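Could you put the whole structure together from the sequences, leaning on the hints where they help?
Throughout the sequence shown, residue numbering follows my numbering, covering -11 to 80 in sequence.
Fair warning: there could be bad hints in the mix.
Once the Cα atoms are required to be at most 20 Å apart in a straight line, the calculated EDC-like pairs of lysine to aspartate or glutamate come out as [unchecked claim]: (1) 62 to 9; (2) 59 to 16; (3) 62 to 25.
The following label-pair restraints were derived from C-beta to C-beta distances [unchecked claim]: (4) 59 to 8: 35 to 43 Å; (5) 12 to 59: 38 to 46 Å; (6) 62 to 12: 30 to 38 Å; (7) 13 to 53: 32 to 40 Å; (8) 1 to 59: 29 to 37 Å; (9) 28 to 69: 16 to 24 Å; (10) 16 to 67: 32 to 40 Å; (11) 60 to 12: 34 to 42 Å; (12) 74 to 9: 15 to 23 Å; (13) 2 to 58: 21 to 29 Å; (14) 53 to -5: 18 to 26 Å; (15) 32 to 8: 25 to 33 Å.
In case anyone wonders, no lab produced these hints; they're calculated from the structure.
All values derive from a computational prediction rather than experimental measurement.
No residue lacks a Cβ here, since even glycine has one placed at the ideal position from N, Cα and C.
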Amino acid sequence: SFSASLTQLDLSRNQLCGLDDLGRGTYDATGITAIGEALAVNASLTSLGLGDNRLRDEGVACICEAVQSNKEIKLTSLDVSSNMAGSEAAKS
-11 SFSASLTQLD LSRNQLCGLD DLGRGTYDAT GITAIGEALA VNASLTSLGL GDNRLRDEGV
49 ACICEAVQSN KEIKLTSLDV SSNMAGSEAA KS
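Structure follows, in C-alpha coordinates:
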(Lines of atoms letter the chains of each structure in order from A and count residues from 1; the text may use other names and numbers.)
(Lines give C-alpha, C1' and ligand atoms only; values in the text may rest on other atoms or scores of the structure.)
Protein backbone atom coordinates (compact mmCIF):
# COMPACT_ATOMS: atom_id res chain seq x y z
CA SER A 1 0.00 0.00 0.00
CA PHE A 2 1.29 3.45 -0.93
CA SER A 3 -0.01 6.80 0.19
CA ALA A 4 1.30 10.19 -0.86
CA SER A 5 0.28 13.69 0.09
CA LEU A 6 0.85 16.85 -1.88
CA THR A 7 3.02 19.20 0.18
CA GLN A 8 4.10 21.87 -2.34
CA LEU A 9 2.18 23.46 -5.20
CA ASP A 10 3.24 26.38 -7.37
CA LEU A 11 0.47 27.79 -9.56
CA SER A 12 2.14 31.14 -10.15
CA ARG A 13 1.48 32.80 -13.51
CA ASN A 14 -1.36 30.45 -14.47
CA GLN A 15 -4.22 32.85 -15.27
CA LEU A 16 -6.31 31.27 -12.50
CA CYS A 17 -8.93 34.00 -12.83
CA GLY A 18 -8.96 34.32 -16.60
CA LEU A 19 -6.64 37.32 -17.00
CA ASP A 20 -3.23 37.13 -18.62
CA ASP A 21 -0.16 39.05 -17.43
CA LEU A 22 -1.32 42.12 -19.37
CA GLY A 23 -4.80 42.02 -17.86
CA ARG A 24 -6.44 40.74 -21.02
CA GLY A 25 -9.37 38.36 -20.72
CA THR A 26 -12.45 38.16 -18.55
CA TYR A 27 -12.14 37.97 -14.78
CA ASP A 28 -13.74 34.83 -13.34
CA ALA A 29 -13.14 33.68 -9.76
CA THR A 30 -14.24 30.08 -10.41
CA GLY A 31 -10.69 28.69 -10.50
CA ILE A 32 -9.45 30.40 -7.36
CA THR A 33 -12.68 29.54 -5.54
CA ALA A 34 -12.09 25.85 -6.28
CA ILE A 35 -8.53 26.14 -4.99
CA GLY A 36 -9.85 27.84 -1.86
CA GLU A 37 -12.34 25.04 -1.28
CA ALA A 38 -9.58 22.43 -1.59
CA LEU A 39 -7.28 24.43 0.68
CA ALA A 40 -9.96 24.60 3.36
CA VAL A 41 -9.78 20.81 3.81
CA ASN A 42 -6.15 20.04 2.90
CA ALA A 43 -4.00 19.12 5.88
CA SER A 44 -0.72 18.29 4.12
CA LEU A 45 0.13 21.31 1.95
CA THR A 46 3.05 23.31 3.34
CA SER A 47 3.84 25.65 0.44
CA LEU A 48 1.47 27.30 -2.05
CA GLY A 49 2.53 29.72 -4.78
CA LEU A 50 -0.23 31.81 -6.33
CA GLY A 51 1.82 34.84 -7.33
CA ASP A 52 1.13 36.86 -10.48
CA ASN A 53 -2.34 35.50 -11.21
CA ARG A 54 -4.34 38.73 -11.03
CA LEU A 55 -6.51 37.28 -8.28
CA ARG A 56 -7.65 40.74 -7.15
CA ASP A 57 -9.18 41.35 -3.72
CA GLU A 58 -11.83 38.67 -4.19
CA GLY A 59 -9.38 35.88 -5.00
CA VAL A 60 -6.85 36.73 -2.29
CA ALA A 61 -9.66 37.03 0.28
CA CYS A 62 -10.97 33.60 -0.77
CA ILE A 63 -7.56 32.01 -0.15
CA CYS A 64 -7.09 33.79 3.18
CA GLU A 65 -10.52 32.73 4.41
CA ALA A 66 -9.80 29.12 3.43
CA VAL A 67 -6.50 29.13 5.32
CA GLN A 68 -8.11 30.67 8.40
CA SER A 69 -10.97 28.16 8.40
CA ASN A 70 -8.69 25.09 8.24
CA LYS A 71 -7.58 24.20 11.77
CA GLU A 72 -5.43 21.31 10.48
CA ILE A 73 -3.47 23.32 7.92
CA LYS A 74 0.32 23.05 7.88
CA LEU A 75 0.91 25.85 5.38
CA THR A 76 4.18 27.65 6.15
CA SER A 77 4.63 29.50 2.84
CA LEU A 78 1.93 31.32 0.88
CA ASP A 79 2.80 33.59 -2.04
CA VAL A 80 -0.01 35.87 -3.23
CA SER A 81 2.28 38.61 -4.54
CA SER A 82 1.56 40.59 -7.72
CA ASN A 83 -2.16 39.84 -7.76
CA MET A 84 -3.69 43.30 -8.14
CA ALA A 85 -5.02 43.07 -4.58
CA GLY A 86 -5.56 46.13 -2.46
CA SER A 87 -6.72 47.12 1.00
CA GLU A 88 -9.79 44.85 0.95
CA ALA A 89 -7.61 41.76 0.50
CA ALA A 90 -5.24 42.97 3.23
CA LYS A 91 -8.15 42.92 5.69
CA SER A 92 -8.50 39.18 5.11
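For the range 38 to 46 Å, tell me whether the beta carbons of residue 12 and residue 59 fit it or not. Taking Cβ atoms as reference, residue 12 and residue 59 lie about 39 Å apart, which means the hint holds.
Can you let me know if the beta-carbon spacing of residue 60 and residue 12 is within 34 to 42 Å? holds, 38 Å
CB of residue 13 to CB of residue 53, is that within 32 to 40 Å? violated, 24 Å
Distance restraint evaluation - residue 53, residue -5, Cβ atoms, bounds 18 to 26 Å: The hinted range 18 to 26 Å holds for residue 53 and residue -5, with Cβ atoms some 22 Å apart.
Should the hint that residue 16 and residue 67 are 32 to 40 Å apart at their CB atoms be regarded as holding? The hinted range 32 to 40 Å is violated for residue 16 and residue 67, with Cβ atoms some 21 Å apart.
Outcome for the supplied range 15 to 23 Å, where the beta carbon pair is residue 74 and residue 9: holds, 19 Å
Could you check the hint for me, namely that residue 32 and residue 8 are 25 to 33 Å apart, CB to CB? Given about 31 Å between the Cβ atoms, the range holds.
Satisfaction of the hinted span 21 to 29 Å by the C-beta atoms belonging to residue 2 and residue 58: holds, 22 Å
Would you mind confirming whether the straight-line C-alpha gap from residue 62 to residue 25 stays at or under 20 Å? Measuring from Cα to Cα gives roughly 16 Å; hence the hint holds.
Does the Cβ pair residue 1, residue 59 satisfy 29 to 37 Å? Check passed, 31 Å falls within 29 to 37 Å.
Take a quick look at whether residue 59 and residue 16 sit within 20 Å of each other, Cα to Cα. violated, 28 Å
Cβ distance range 16 to 24 Å for residue 28 and residue 69, holds or violated: Since the Cβ atoms of residue 28 and residue 69 sit about 22 Å apart, the hinted range of 16 to 24 Å holds.
Hint violations for this structure: numbers 1, 2, 7, 10, all remaining hints satisfied.
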